[in-house]
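> Here are the chains, one letter per residue:
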Amino acid sequence: MIELQHVSKAFGRTKAIDDLSLTVRQGEFIVLIGSSGCGKSTTLKMMNRLVEHDSGHILFEGQEIRSFKPQDIRRRMGYVIQSVGLFPHWTVERNIATVPELLQWPGPRIRDRVTELLQLLDLDPALFRGRYPHQLSGGQQQRVGVARALAGDPEVLLMDEPFGALDALTRVALQRELARIHSASGKTIVLVTHDIDEALRLATRVVLLDHGRLVQSGTPLQLLAHPANEFVTDFVGRSEIGIKLLGLQTVASRVRRNEPCEGAPVAETLTLREALSEFVTRQVERLAVVDGDGHALGCLHLCDLVKLRE
Amino acid sequence: MTDTVRPPDVLGTLVRDPLVWALTALVLLTFGMDSLRPLFAAAFPALERPVFAQDSFPALMLAHIVLVAVSSGISIVAGVAAGVFVTRPSGAEFRSVVESVVAIGQTFPPVAVLAVAVPLIGFGEIPALIALALYGLLPVVQQTIAGLEAVPHAAREVAKGLGMDAIQVLNRVDLPLALPVIIAGVRTSVIINIGTATIASTIGAKTLGTPIIVGLSGFNTAYILQGALLVGLLAIVTDLAFGRLERHVDRWRFVS
Numbered sequence: 001m002i003e004l005q006h007v008s009k010a011f012g013r014t015k016a017i018d019d020l021s022l023t024v025r026q027g028e029f030i031v032l033i034g035s036s037g038c039g040k041s042t043t044l045k046m047m048n049r050l051v052e053h054d055s056g057h058i059l060f061e062g063q064e065i066r067s068f069k070p071q072d073i074r075r076r077m078g079y080v081i082q083s084v085g086l087f088p089h090w091t092v093e094r095n096i097a098t099v100p101e102l103l104q105w106p107g108p109r110i111r112d113r114v115t116e117l118l119q120l121l122d123l124d125p126a127l128f129r130g131r132y133p134h135q136l137s138g139g140q141q142q143r144v145g146v147a148r149a150l151a152g153d154p155e156v157l158l159m160d161e162p163f164g165a166l167d168a169l170t171r172v173a174l175q176r177e178l179a180r181i182h183s184a185s186g187k188t189i190v191l192v193t194h195d196i197d198e199a200l201r202l203a204t205r206v207v208l209l210d211h212g213r214l215v216q217s218g219t220p221l222q223l224l225a226h227p228a229n230e231f232v233t234d235f236v237g238r239s240e241i242g243i244k245l246l247g248l249q250t251v252a253s254r255v256r257r258n259e260p261c262e263g264a265p266v267a268e269t270l271t272l273r274e275a276l277s278e279f280v281t282r283q284v285e286r287l288a289v290v291d292g293d294g295h296a297l298g299c300l301h302l303c304d305l306v307k308l309r310e
Numbered sequence: 001m002t003d004t005v006r007p008p009d010v011l012g013t014l015v016r017d018p019l020v021w022a023l024t025a026l027v028l029l030t031f032g033m034d035s036l037r038p039l040f041a042a043a044f045p046a047l048e049r050p051v052f053a054q055d056s057f058p059a060l061m062l063a064h065i066v067l068v069a070v071s072s073g074i075s076i077v078a079g080v081a082a083g084v085f086v087t088r089p090s091g092a093e094f095r096s097v098v099e100s101v102v103a104i105g106q107t108f109p110p111v112a113v114l115a116v117a118v119p120l121i122g123f124g125e126i127p128a129l130i131a132l133a134l135y136g137l138l139p140v141v142q143q144t145i146a147g148l149e150a151v152p153h154a155a156r157e158v159a160k161g162l163g164m165d166a167i168q169v170l171n172r173v174d175l176p177l178a179l180p181v182i183i184a185g186v187r188t189s190v191i192i193n194i195g196t197a198t199i200a201s202t203i204g205a206k207t208l209g210t211p212i213i214v215g216l217s218g219f220n221t222a223y224i225l226q227g228a229l230l231v232g233l234l235a236i237v238t239d240l241a242f243g244r245l246e247r248h249v250d251r252w253r254f255v256s
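Chains P and C are the protein sequences, given in the same order. Position 237 (the first sequence) corresponds to 237 in this note's numbering; numbering is contiguous. Position 210 (the second sequence) corresponds to 210 in this note's numbering; numbering is contiguous.
Just chain P, same shape as in the assembly (with noise of 0.2 Å):
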């Protein structure tokens, strides 16, 4: 979908990034991880030409980037920015209309895309359609960004630290609703972070960059599991990498089907880091598990948590 081959970039004697070669495949959900100045926004920026790469090729659908015009390749791509950057002087609809307007889609049909946005992003579509940014919460302002970023149905989204702004319970409600988004949507996108946490909490696959350099790509479990280097292991967190692992699977994929098991059930879609926490807090060494429905599943032994499968 988008492919960067050795891709450079240098402002003024600071080279931003240095032969960058990544490929985003239609679908993924890819997060671009790195300490402040890794060069992970200006990565971002170059995907939709808010900067021009000195050196290098950037193609999307297989097509270079500068054959496009920068407002046509803009508004096939979806973007988000920490600072939200609602357009003050418009409602919530007008905000959310603005690439469908750009378009020049007719008006019901802008309509109803405001109302499906609304709804998708859970505000209520009669409430907020016609209130002002400066009416609305954190929270709410970025759910409009999301859903003003989506509403041209793009085929890629680009999002800049979109969650950074936000208080830790708002930002987890975001991080949840964008990934049933991808998972419902299919849509290919590209984040941009710097909590490692949100990183393997979202990313189909993670790409951590230093210096402008790629350091590793892979599924969080490769990277937690299998780190290139020390660098690495020092930015998922040396210390926590075992926890980290277990926040990445589920019950489901530990418990011992039909084992009778006794005390309060705990779901199957639990992480299994979460489960930990309950064999910790209630002082056991299982667990009885069920299933969405309420039905009993099986049991959750403490021992089989540290077998690493992936």
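Quick caveat, the hints were computed from the structure, so don't treat them as lab data. Errors might be hidden in some of the hints.
One side of the interface only, derived from the structure: several residues of chain C facing chain P at Cβ under 7 Å [what the hints assert, rightly or not]:
#	residue
1	D34
2	V70
3	A146
4	A154
5	A155
6	V158
7	G163
8	D165
9	P176
10	W252
Only a predicted model underlies this, so the values are computations on that prediction, with no experimental measurement involved. Beta carbons are placed, not taken as given, at the ideal position from N, Cα and C, and that holds for glycine.
Given the coordinates of chain P, assemble chain C onto it according to the supplied hints.
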């Protein structure tokens, strides 16, 4: 508490509105200055002709308004264009030049601007028009720049990132958000020009300043009073109207 919705009290609103009062006074004085003759005669018994009569007040008022409207129109178009130009990447290097030229223009006293215009262009309406247009430029340019600079950076970045071209960013995001500030500049500019246009009658333009100038040279205090009263009222009405306009373009800010 009752939930009855009272019909809007149109008459009451009008009566309490200072703009309505000022406008009424302006119209009445413009068309009815002659009927105040006994009053002026009583106040200034020494004067043979207590009411200015070389030109009718409605004609002077019209000439004054046209002069201000045309000169301010030029100031606004040129000022906004200059402000927009120097805040674009392509015009950024001209910014300091434009700002200092406009500021220097403003440091000249208006009489001096008019005096310089006469030997260059001659007497009459045209030099007055040019002098006023130049003089009204500074507030418009300054406020246009200030307004555009105050547009949130994030909004501009997203506008670009979502696929607006430069003109769309300007028309849909930059200008609407800067508009209240620009209008404040236009308000200052127009009010300055209403006052300065009075002096323009010294170089032969027919304005509400004519009775004032004639009165000054002929020791006729009544003429001075009549001209000053009308110019003052015109400035007040214009100022109130601009205040109304500023609030109107900014109304989304006050939705709660």
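> Report the numbers of all earlier hints that the structure fails to satisfy, in ascending order.
1, 2, 3
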